[in-house]
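*Asks:* What follows is the residue order along each chain.
Protein chains: 2
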Amino acid sequence: MKEIEELWREVRDLSLGNSGRVERLEFPPNPVEFLRDFITPNKPCIISNAISHWPALSSWPNHSYLSQTLSAATISLHLTPTGAADALSPLHSSLCFASAHVQHVPFPEALSLISNSEPHKLVAYAQQQNDCFRSEYSSLAADCDPHLGWATEAIGSEPEAVNLWIGNQHSQTSFHKDHYENLYAVVTGEKHFILLPPTDVHRLYIQQYPAATYTYSSDTGEFDLELERPTRYVPWCSVDPYPSEETVDDEMAKFPLYFNGPRPFECTVKAGEVLYLPSMWFHHVRQSAEDGGLTIAVNYWYDMQFDIKYAYFNFLQSIQFRSTPSPLLKDKLAEIDSDPDEYES
Amino acid sequence: MKEIEELWREVRDLSLGNSGRVERLEFPPNPVEFLRDFITPNKPCIISNAISHWPALSSWPNHSYLSQTLSAATISLHLTPTGAADALSPLHSSLCFASAHVQHVPFPEALSLISNSEPHKLVAYAQQQNDCFRSEYSSLAADCDPHLGWATEAIGSEPEAVNLWIGNQHSQTSFHKDHYENLYAVVTGEKHFILLPPTDVHRLYIQQYPAATYTYSSDTGEFDLELERPTRYVPWCSVDPYPSEETVDDEMAKFPLYFNGPRPFECTVKAGEVLYLPSMWFHHVRQSAEDGGLTIAVNYWYDMQFDIKYAYFNFLQSIQFRSTPSPLLKDKLAEIDSDPDEYES
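As they're listed, the protein sequences go chains A and B.
Going by our numbering, the first residue of the first sequence is number 2, and it counts up by one from there.
Going by our numbering, the first residue of the second sequence is number 2, and it counts up by one from there.
By construction, these hints were calculated from the structure, which means they are not laboratory data.
Hints may be right or wrong, so weigh each one.
[Said to hold, decoys possible] Derived DEER-like restraints, expressed as beta-carbon distance ranges:
hint: 1; chain 1: B; residue 1: GLU267; chain 2: A; residue 2: ILE320; range: 25 to 33 Å
hint: 2; chain 1: B; residue 1: MET253; chain 2: A; residue 2: THR214; range: 54 to 62 Å
hint: 3; chain 1: B; residue 1: PHE28; chain 2: A; residue 2: PRO236; range: 40 to 48 Å
hint: 4; chain 1: A; residue 1: ILE320; chain 2: B; residue 2: THR232; range: 30 to 38 Å
[Claimed, not checked] Now the stretches of chain B that chain A is said to cover, found in silico as 3 or more residues with beta-carbon under 8 Å:
hint: 5; stretch: 6 to 13
hint: 6; stretch: 150 to 163
hint: 7; stretch: 306 to 320
All figures in this text were calculated on a predicted structure; none of them were measured in a lab.
For every residue, glycine included, the Cβ atom is placed at its ideal position computed from N, Cα and C.
One chain only, chain A, in its complex shape (with noise of 0.2 Å):
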């Protein structure tokens, strides 16, 4: 449909541009530049010089002092074989959604999960996004601001939710995207993001899969992956930006749209920087630090505005566009419910 494909030009062309690099701004801005220049046309930015004066800066680098200060904390710890949570994975020769096995632990013992984490293994992402930063890591509140004054002047409330982020190369988080207006400060390593504009939702193929959920026996040093009962689908994005060598012709063959299409926005944001990830946009997320560091990153989620933009939004993504439909789990799961043993797997 080529009227979609022009969409996903004349957004680049008008606002975004082309190059798939993501505007930097030396010092944050005022409350209206925000607004105006980001918020108002929906365009993503790294902002320096916006938390220098955070005490995290400093000490969260050293892992004594975290595990010293939050020695009390029970955090929840989310584990996976992959490091993909919150990502598609096979499944009776299908695909799932496949969310980790959260378990609640001492952060002296999650740090030691995450700092030793091995791929086919066992890998540790403290990653839960409800609140976590004024909650479970509350210890820690004084090494970061609460806000960032200048965005909560713009959006007119403080933050909806605070969370932490701790993790390693090992973890990834797949293409998604959020209903929030999204702060996110790295403190220590490096975070690398693909991010594409809400215009270019076809370009993701998102497709309904079935939830599972993966248990990890401490005993045995095993996950299992099943599949939810009842059966609840997920819509998610079906693209992987870096399949394997295996893979590659296969999935550009899956996702044209998503292979041969305008050049996605690629950044990377530093120790010491903030992204402006804009509502609605499809974000991949990797990470990476020095030898045996962490990747560690507040993000502050503000409430976004379900204005024109939204409703254009879900009128977009109402309008088919030549999908090429993966094999859905669905018809295979009308086999297996004959034979309920199948689900354990």
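Once you've looked at the hints, dock chain B against the given chain A.
*Replies:* Leaving out everything else, chain B in the frame of chain A:
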């Protein structure tokens, strides 16, 4: 196409409201509020107490004040037989887009022509939209503010154009949209607006009409309406929201998306009030005044952002939706082209 009708509903449910009423503010917003609550969501409002301090509010109702202050000014006066300049008009048993005869007239004479306007004979309207308030009417500059401070600060630049409008109940403006953020300050009389959000674009049945211009002969007191040569087509809204009793059935049958769709936003802006008319909103304007009085307004056109909203609008407009095309003059013209004499109407 049910997705487009769902869009009309959703933008009202989420953001604009379903009452057809325009939000009212007792005082002008500050720049952050104006950006956040109105420009970003592309939502109109009527603002009281924004221009209460203008000397114009007390001096302009006095016609002799205006004549004296502008005694040396020559202004661009728009003359039509109907009061509908820049509007569709019958021609050769089809429709054309008719522009007024523009005459440069000493202001005192213009004022008398406007006041003595008589429908079906001669209706005069001072409505030159080329920043005329800062050129032709510069002697009135001290009576108003050169810009609205809170809007200028929000938008980040001074108005691109400031226009003066002097007319009476015989003049109206047909449905159209502007590529500006518009602040419309009424000084005397009242303006009656019908507003439709950009998402309703299909409801206005925009079509290409051949451009024509009125020529007025002061000797005969007669108007001619002649097509431009070479033919130039102008995309214009087909809907007249106030059809006459004779044509109402026909119009409602031709334009069901307008007459049967969600209620348009309607508002009256009184002397001393300011309408924020967001960029890309369709608007139809009538005016009224006390007996023998005039409706005078100053409007500020500020640059709009050509951002993701604008790209979404162009996408929406590119989607075909059961427009019921009224017969185009184009076919008629093909016939006429063989007989150039027919052009003298």
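*Asks:* For the pair B/MET253 and A/THR214, does the Cβ-Cβ distance stay inside 54 to 62 Å?
*Replies:* Since the Cβ atoms of B/MET253 and A/THR214 sit about 57 Å apart, the hinted range of 54 to 62 Å holds.
*Asks:* Could you say whether the range 30 to 38 Å given as a hint is met by the Cβ separation of A/ILE320 and B/THR232?
*Replies:* Since A/ILE320 and B/THR232 have Cβ atoms about 35 Å apart, the given range 30 to 38 Å holds.
*Asks:* Using a Cβ cutoff of 8 Å, are there at least 3 residues of the stretch 306 to 320 of chain B near chain A, or does the coverage claim fail?
*Replies:* n = 14 at 8 Å, threshold three: holds.
*Asks:* Examine the stretch 150 to 163 of chain B for residues whose CB is less than 8 Å from any CB of chain A, and state whether their number is three or more.
*Replies:* The restraint on the stretch 150 to 163 of chain B holds, since 4 of its residues have a Cβ under 8 Å from chain A and three suffice.
*Asks:* Using the C-beta atoms of B/PHE28 and A/PRO236, is the stated range 40 to 48 Å upheld?
*Replies:* 44 Å, holds
*Asks:* Mind checking, does the stretch 6 to 13 of chain B have 3 or more residues with a CB under 8 Å from chain A?
*Replies:* The restraint on the stretch 6 to 13 of chain B holds, since 4 of its residues have a Cβ under 8 Å from chain A and three suffice.
*Asks:* Within 25 to 33 Å: is that where the Cβ-Cβ distance between B/GLU267 and A/ILE320 falls?
*Replies:* Since the Cβ atoms of B/GLU267 and A/ILE320 sit about 31 Å apart, the hinted range of 25 to 33 Å holds.
Checked against the numbered hints listed earlier, the structure breaks none of them; every hint is satisfied.
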